[in-house]
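Q: Sequence:
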Amino acid sequence: MKKIIISALMATLLLSACSKDPSKDPYSTESLLWNANDAITRVENDDPSKQTHIEGLRVIAEASLREDMEKYLKIAEHLEKGEIDKAKKLYKELGGK
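So for the sequence shown, this note's numbering puts the first residue at 1; every next one is plus one.
Hints were generated in silico from the structure; no laboratory data involved.
Just so it is clear, the structure is predicted and the values come from calculations on it, not from any experiment.
Errors might be hidden in some of the hints.
Said to hold, decoys possible - Straight-line C-alpha distance at most 30 Å; calculated BS3-like pairs for lysine-lysine:
no. : residue 1 : residue 2
1   : K86       : K97
2   : K50       : K89
3   : K71       : K92
4   : K88       : K50
5   : K71       : K89
6   : K50       : K81
7   : K97       : K74
8   : K71       : K81
9   : K89       : K74
10  : K50       : K92
11  : K81       : K97
What the hints assert, rightly or not - Label pairs and their computed distance ranges (CB to CB):
no. : residue 1 : residue 2 : range
12  : K71       : D25       : 27 to 35 Å
13  : P26       : D47       : 16 to 24 Å
14  : N45       : E67       : 27 to 35 Å
15  : E67       : D46       : 17 to 25 Å
16  : S49       : K81       : 13 to 21 Å
17  : K74       : K97       : 24 to 32 Å
18  : P26       : S49       : 14 to 22 Å
Ideal Cβ positions, reconstructed from N, Cα and C, are used throughout, including at glycine.
With these hints in hand, go ahead and build the complete structure from the sequences.
A: Here it is as structure tokens:
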């Protein structure tokens with residue numbers, strides 16, 4: 001009986017690990033690109049919350065400690081200066097569409 005319970009627990013752990021959605025990781029490339037695109041869109045549309053989204057991109061990029069962190073920080077810097085084309089160029093270099 002003990003072996004059955006342990007086997008069931010192991011199977012549950014393996015299934016949950018294999019089915020974990022990578023998009024829920026705030027530091028994944030997909031999440032960072034989404035945040036960068038969101039900030040770019042808000043600056044383009046002169047959204048009142050644009051500064052909040054720029055800061056959000058900066059905080060997530062810094063917390064990620066990724067090798068490409070500096071590029072995301074540079075996107076935020078360009079957006080603060082209103083340099084949308086430079087931000088978009090970096091976004092595309094990182095794999096954004």
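Q: Take the hints in turn and mark each one as holding or not.
A: Here is what the structure says about each hint:
1. Proposed proximity of K86 and K97 is supported: the alpha carbons are some 14 Å apart, at most 30 Å.
2. Note on K50 and K89: the hinted pairing holds, with a Cα-Cα distance of about 19 Å set against a maximum of 30 Å.
3. At roughly 11 Å between alpha-carbon atoms, K71 and K92 fall within 30 Å of each other, so this suggested pair holds.
4. Pair hint K88 plus K50 holds up; C-alpha atoms about 15 Å apart against a cutoff of 30 Å.
5. For the suggested pair K71 and K89, the alpha carbons sit about 11 Å apart, so the restraint of at most 30 Å is met.
6. Pair hint K50 plus K81 holds up; C-alpha atoms about 12 Å apart against a cutoff of 30 Å.
7. Of the supplied pair hints, the one linking K97 and K74 holds, its CA atoms being roughly 18 Å apart against a limit of 30 Å.
8. The straight-line distance between the Cα atoms of K71 and K81 is roughly 15 Å, inside the 30 Å bound, and the hint therefore holds.
9. The suggested pairing of K89 with K74 holds, with an alpha-carbon distance near 11 Å, which does not exceed 30 Å.
10. Annotation: proposed proximity of K50 to K92 holds, straight-line Cα distance about 20 Å (limit 30 Å).
11. As the CA atoms of K81 and K97 are separated by approximately 22 Å, the hinted pair is consistent with the 30 Å bound.
12. With their beta carbons about 18 Å apart, K71 and D25 fall outside the hinted range of 27 to 35 Å.
13. Taken as a hint, the range 16 to 24 Å holds for the pair P26 and D47, whose Cβ atoms sit roughly 21 Å apart.
14. Judged by the Cβ atoms, the range 27 to 35 Å given for N45 and E67 holds: they are separated by roughly 31 Å.
15. One distance hint, 17 to 25 Å for the beta-carbon pair E67 and D46, is violated here, with the actual separation near 33 Å.
16. Checked against the hint of 13 to 21 Å, the pair S49 and K81 passes, with Cβ atoms roughly 18 Å apart.
17. In this structure the hint that K74 and K97 lie 24 to 32 Å apart at CB is violated, the actual value being about 19 Å.
18. Between P26 and S49 the C-beta distance comes to about 19 Å, which sits within the given range of 14 to 22 Å.
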